[in-house]
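Protein chains in written order, with my numbering: chain A, 233 to 548; chain B, 233 to 548.
Take these hints with a grain of salt, some might be off.
In this list, chains with the same sequence are indistinguishable; a pair is considered to hold if it fits within one copy or across any two.
[As the list claims (entries may be wrong)] Here are the simulated BS3-like pairs of lysine-lysine, each with C-alpha atoms no more than 25 Å apart in a straight line:
1) Lys304 to Lys256
2) Lys336 to Lys402
3) Lys239 to Lys484
4) Lys500 to Lys340
These are calculated hints, taken from the structure and not from any lab test. Nothing here was measured: the structure is a model prediction, and the numbers come from that model.
In case you want the letters, here they are:
Number of protein chains: 2
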Amino acid sequence: MEDLYLKRVVVALGGNAILQFNEKGTVGDQIANLRRTSAQLAPIIASWYQVVITHGNGPQVGNILIQNERAKHEVPPMPLDVCGAESQGQIGYLLNQALSSELKRMGKSTEVCTLMSQVVVDPEDEAFDNPSKPIGPWLSLEGMNRSRREGETWIEHPGRGWRKVVASPKPVRILNARTIESLLSNGFTVIACGGGGVPVIEDAQGDLRGIEAVIDKDLASACMAAEIKAHILLILTDVSTVFLNFGTSEQKPIRQIEVSELRRLFEKGQFPAGSIGPKVEAALQFVERGGERALIARLDEAEAALKGKTGTTVTA
Amino acid sequence: MEDLYLKRVVVALGGNAILQFNEKGTVGDQIANLRRTSAQLAPIIASWYQVVITHGNGPQVGNILIQNERAKHEVPPMPLDVCGAESQGQIGYLLNQALSSELKRMGKSTEVCTLMSQVVVDPEDEAFDNPSKPIGPWLSLEGMNRSRREGETWIEHPGRGWRKVVASPKPVRILNARTIESLLSNGFTVIACGGGGVPVIEDAQGDLRGIEAVIDKDLASACMAAEIKAHILLILTDVSTVFLNFGTSEQKPIRQIEVSELRRLFEKGQFPAGSIGPKVEAALQFVERGGERALIARLDEAEAALKGKTGTTVTA
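With the sequences and hints as input, model every part of the structure.
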């Protein structure tokens with residue numbers, strides 16, 4: 233077996249690591265799931281890896297946006313970037329706590345830390361011409377007209393009402409790459425890029441400004457993994473592998489694949505945009521930018537996937 | 233003049249660094265104030281210091297609690313510890329952004345990072361016998377009865393309604409001291425212990441659990457400053473110095489004082505608990521735990537205070 237000593241790995245947690253499909257998102261739900269998730273992650277941290285953990289924030293930031301809307305006559309509502317930062321605080325805190333506790337239980341003294349993350353995007357990204365990511369509460373026509381600000385796009389869904397849609401631009405650069413590298417080199421475990429990081433744009437003077445957009449968390453993880461020179465990007469989800477011809481009689485698991493072949497299948501539309509597509513794209517981008525390998529695997533098979541026993545492995 | 237090269241300093245920002253007295257807390261208010269604050273902090277970071285910045289969160293966590301209350305029929309409300317973590321996300325993000333922008337404008341490439349912070353408190357702390365810190369929205373008797381959970385203390389204020397009060401226990405230990413030390417040693421600027429950090433208790437197995445309490449942010453800053461072996465604790469507020477016999481005809485600024493003398497004045501009740509008291513107490517604790525000096529000064533005189541030109545300096 234190859235020597236895994238001190239491999240640097242970015243672990244991108246799927247939504248099911250924090251909330252199950254039918255849960256509303258109480259703190260009890262989140263704590264229970266994050267304990268289960270930490271029990272998967274702690275052995276990895278305790279063995280051969282320098283680990284950065286990223287996570288989504290969809291249900292949590294959605295809830296925070298509803299809270300902002302419902303209290304808006306008393307409390308100035310915060311824009312999406314600030315709500316995203318709040319969700320990083322919420323999830324990062326709970327995950328950090330669960331993971332620190334699990335490591336302590338195993339007798340490990342590794343310090344886990346959570347970094348607030350900002351990710352630079354290109355204001356000219358074509359995603360801004362076509363906002364498509366729905367966020368926040370459904371509102372009535374009247375409610376929408378009261379809430380809508382200049383430049384925003386809202387879409388109507390018959391029977392449910394109106395909802396804001398925002399752009400999902402590509403991550404260009406994460407702001408704390410050097411910080412994360414330093415922390416890993418010094419033995420710390422890092423939680424970062426929660427929810428894909430807060431999207432910011434940078435003007436000619438270097439001034440940063442948050443914008444109302446959402447960055448795909450798997451693409452942000454791939455961008456970060458490449459920047460911090462990780463060896464492995466491990467994308468965790470609820471399926472054991474990526475499948476060829478998914479949902480047809482020809483369905484076949486992909487256990488090991490070269491990046492050029494996966495790119496070819498991706499361009500042919502093998503992987504649906506609404507499900508495994510962004511994960512495959514993230515794996516492609518990481519390996520194409522020089523990463524050693526990308527893995528897509530089930531949360532409860534994370535360690536086995538790192539050892540090559542399951543999951544889909546994408547190599548150069 | 234003494235050599236200040238690579239002194240390690242914890243800068244505790246006062247509430248006025250983020251919001252002015254009469255502001256409601258819009259994102260625009262916060263950004264404007266944090267730009268002004270960053271213009272004070274950036275020259276310090278750019279010169280001779282390893283800097284950790286701490287800040288309060290009173291108005292922000294109060295707003296988040298109101299948002300949770302108003303949306304509680306749709307969104308599971310989060311307990312105070314999670315709301316505190318969200319406020320760390322909100323303020324940390326905005327401060328990090330403002331400070332990174334200001335440093336970039338000055339041509340500095342220092343990376344600023346924001347760490348989510350948890351602070352261990354003692355479950356036997358006597359503060360738990362006497363909860364006194366009001367938090368969250370005012371409610372009617374009926375609203376209070378609906379919201380109140382077992383074990384909570386609420387107090388009535390005639391004419392305004394009912395409000396929850398929580399304990400303000402002493403900080404015992406911060407969870408990421410080694411992380412912060414490593415970051416400072418490697419040249420990064422750190423934002424941490426926002427709102428005094430999220431209070432957590434640790435059981436015999438090392439398991440951490442958040443609790444509904446509030447840690448004074450100046451005391452948390454002093455605790456952290458001692459643990460990371462900072463040379464200087466710089467507490468910024470809206471007065472130029474601490475005063476002797478404040479508000480009397482005998483009022484006199486204290487420019488330089490030994491810790492034993494300040495302790496004597498503190499025990500005599502010279503410094504009111506509702507205003508300068510906790511700041512004086514934080515300064516005392518830091519120097520008594522071995523810190524080189526503590527400074528209490530105005531935000532816009534921060535650099536001058538570090539150079540000994542203004543403020544109150546407390547030494548061993």
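**Asked** So which hints don't hold here, by number, going up?
**Response** 3, 4
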